[in-house]
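Could you slot chains Y and G onto chain R? The hints should help.
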Amino acid sequence: MANKQQTEKMSEAIDHYRRTFLKRLGITSAAAVSATSAHGAWGGKTLGDTFADFFQQHYQRMTPEELRQTLRRIERKVQRQYGASINCTETPPLDGVVFGYALNISKCKGYRDCVEACATENNLAADIRYIHVLELDKGSRNLELADRYYDHETVPVQGKYYLPVQCMQCDNPPCVKACPVGATWKEPDGIVVVDYDWCIGCRYCMSACPYSARFFNWTRPDLPADRINPNTNFLGNRPRPVGVVEKCHFCTQRTRKGQQPACQEACPTGARIFGNLLDPNSEIRYVLENKAVFRLKEDLGTEPKFWYFSDR
Amino acid sequence: MLLRWLSIIVVIATPGIIAAEEADAGPTGYQVYPEAPRFTVQSRKNTSKFQDCSRCHEEGDTDPEIRRLRTRHTREIDHGGNRFWCLTCHDGEKMDFLRTSRNEKVEFDRSYLICGSCHADRQRDWFFGGHGKRVSGWQDERIILACTECHDPHAPATKPRKPQPAPPVRVGLERQEIHRPATSHVWKP
Amino acid sequence: MALLLFFRDVLKELWRGPFIYWLWIIFLWTIIAVGGWSYIGQLKNGLVVTNMSNQVSWGFYISNFTFLVGVAAAAVMLVIPAYIFDRKDIRDVVLLGDTMAVTAVLMAMLFVIVDIGRPDRIWHMIPLIGQMNFPASLLAWDVIVLSGYLLLNLGISFYLLFSHYQGREAKLKVYLPFIILAIFWAISIHTVTAFLYSANAGRPFWHNALLAPRFIASAFCSGPALAIIILQLVRRLVGYPVRQSAIDTLAITMTVALQITLFFVLAELFTDFYFEHAHSASARYLFFGLHGAAALTPWIWTALALLVIAVTILMIHPLRQKTLLLNIACVLTVVGVWIEKGMGLVIPGYIPTPLGEIFEYLPNATEVRISLGIWAIGLLTFTLLAKAGMAIERGKLRFRDDIEEQLAGIGNEVEEDSLATTAPLRSGE
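Chains as they are written, first to last, in the numbering used here: chain R, 1 to 312; chain Y, 1001 to 1189; chain G, 2001 to 2429.
Bound-form chain R, shown alone (with noise of 0.2 Å):
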């Protein structure tokens, strides 16, 4: 008998905490809630857009109503941040294709215009640059005396080569393999692609790339209105959020839709050769299989697709 009253008095005492305790929570919550609808606080989101961003889903298991909708918030996100009207799609890959690079190293002059042009399509924060241009002693392929910094009079050096690196989009990656929540991924084309809005930004996956190929965004990318490249897709070029890692993609808004990626397009010495490795007659096959072609640091078994060669 006195125990039982004794549970009973106990379980009053729990109720009367519970009530007490949800009723506090529900105030705050409306009031947190019609704040932020009022002030339109977290730098002018919409309450509705910061939930939706918050619960976005993973790019390969969103349905196609989820992506449009998220294609749709994405471009109201950039408006909002950066005052530029964007177009972001979804460039599916094509069938048939698997994209392959070379690059002839008797004809780069070290002149850096596929840095800029890289830049410039790929909306790049100030201090990224997918591609590293690394000038070399010719006779040489130690790395370590390679010099990414040279800022010369005219290019090229008498007695260097110019060896420019970006993301391989290797067959075998091992940052794909690094991620801890599957963000980065290859594409049937062969493409490796980061899903922006599903990276945590652990940099694993930047500790794990041999090539230094991979980035980080320390802080939101400053990019002016009047330079954003409109035409942008979900898993390539569009402004990218603060703390998420990206990479060169091949241009995927561009190569998807049967163009030239656009560090191609800049290089004024034709150096560079694009195209579709299965096509037993694209220009790429021709190199790979008449020319001396060569990868780097093919020893570590990653299967980059993207060749050297050399004329000389």
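Derived from the structure by calculation, the hints contain no laboratory data. This structure is a prediction, so every number in the text was calculated from the model and none was measured. A portion of the hints provided could be inaccurate.
Now the stretches of chain Y that chain R is said to cover, found in silico as 3 or more residues with beta-carbon under 8 Å [as the list claims (entries may be wrong)]: (1) 1072-1080; (2) 1091-1101; (3) 1159-1170.
Okay, the calculated beta carbon distance ranges per label pair [claimed, not checked]: (4) G:P2298 to R:E90: 48 to 56 Å; (5) G:V2308 to R:R80: 57 to 65 Å; (6) Y:Y1033 to R:K138: 30 to 38 Å; (7) Y:S1101 to R:N281: 28 to 36 Å.
Ideal placement from N, C-alpha and C gives every residue a C-beta, glycine not left out.
Showing chains Y and G alone in chain R's frame:
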């Protein structure tokens, strides 16, 4: 023998072909690389820089003596190490054409046939896409640049130029001066 | 019901203490506040407030994380002799070891959270709701084993404490399987953390088979070293009974582990420098500097000097018995291993970059403040858990004693419409 010479004359007399198609049937009717993928060369004749020579030169009025020209023409030829002069490639009789070493007339838009007579390996690469610049999409109809878009035949070597600026470091950080040895480990005595 | 009273008693215990206790708590909270304020700045502006770069993409946070996972793993050091070798003297202090493990894992997890670019997206790692790249990603493995280890240790500690709180002996056959599991799990957390590094084929400084053994060996130095310091503090400040034999066993373990650690360092030095090649570049950077860049050389040589001094003290039997020298050796070991496994391991993996670039890194003030804040959280957690745990173990907190009065007190409160307790729980106090 006579038949052969007759057929050559017939072919030459045929009006100049427009910018060549694939499986180029050269000036004498032979095919350069029939197995090469189709391509179209982006025309140079249609650019504003280009002038028809026949505006000034009547047919057959050129002086065939090897000399340095004085007005309105390229003076120095930095190609072939002093073995060439203007009429090596330009046809003296019909100045709107170039000439092969067999004196066949070649349209300016097919100038690659001239280049290829010495630079055969490079021309093979160019036909197949291992050299040169493709200006169309990778999937579209193949349009490539003529040799002379990048290589001025009078001084073909690419001239050095200023590169774009050095890459940035992360915002908020400074470039670090690393004093690397000036030369590599390429063998020196 | 007993559970609720358990928590209430624990909270009461934590709320009372001498002046020095409160001074310590306020001191820790000050550091936490400073770190928290820095972290808010980091959330607002992004990781640009740190000194990390695309070249050196992991820095001070992950260095601390690596060290702390080792400490967490080594807490098992106390458990093995206690149960496998049936050493009763050590069983007394197992709970403190478990508390150390829980605290270290918590700190390690906090260091990961402050390091990632999008902490708002952590749920992406949860299987089913998010997407976990298991078993391919070593980071996914690390999250699983660390979470599991935390729960395991919390569970075991809680079971032991709750049983003792209720005046009962904990049933060995209930918790011994979990203890055995915890022993293997402890080795696994640090092995997985080592594999996180050695999996990277593109980073020759990390990509060797010796890394995992090095991690375990250095963990078994730093863990017992910290434990020895903590046990002595607890014995002196709180009067908690810690037998000298327990401390001696830990000291001997530490000695052997330190000898093995230094042997492994020697093996690394030989392999890298006997026939130097491109893959030795990171080691050269760390120990001797590379092309003029030598920011870490003072760090590593200091660390090695400290470890050598420590092992000398520990190896000489009469010196190890002297308390002051033992404590000095412990402090030197902790600092030495922290440098050698933290900054001395993580940073050189990035210098030079895979493309040969040398871009140096040292932590900046923001990173140090946030890191100190997390260490303070850890110390605070340890203080609170240990205080409650020790109170229970010494019999100060017992379930049966207060039940009648407490219920009377609760009954009074229901009438008032307020969360705060105005009436004293025990009349006359």
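Each hint tested on the structure:
Counting residues of the stretch 1072-1080 of chain Y whose beta carbon lies closer than 8 Å to any beta carbon of chain R gives 0, which falls below the threshold of three, so the coverage claim is violated. Closer than 8 Å: that is the beta-carbon criterion, and the stretch 1091-1101 of chain Y has 0 residues meeting it against chain R, so the requirement of 3 is violated. Coverage of a stretch by a chain is defined here by at least three residues with a beta carbon nearer than 8 Å to that chain's beta carbons; for the stretch 1159-1170 of chain Y and chain R the count is 11, and the condition holds. Remark: the range hint 48 to 56 Å for P2298 of chain G to E90 of chain R is upheld by a beta-carbon distance near 53 Å.
Distance hint for V2308 of chain G and R80 of chain R: a CB-CB separation of about 59 Å, consistent with the stated range 57 to 65 Å. The beta-carbon spacing between Y1033 of chain Y and K138 of chain R, approximately 31 Å, falls within the hinted interval of 30 to 38 Å. Between S1101 of chain Y and N281 of chain R the beta carbon distance is about 31 Å. The supplied range of 28 to 36 Å therefore holds.
Hint violations for this structure: numbers 1, 2, all remaining hints satisfied.
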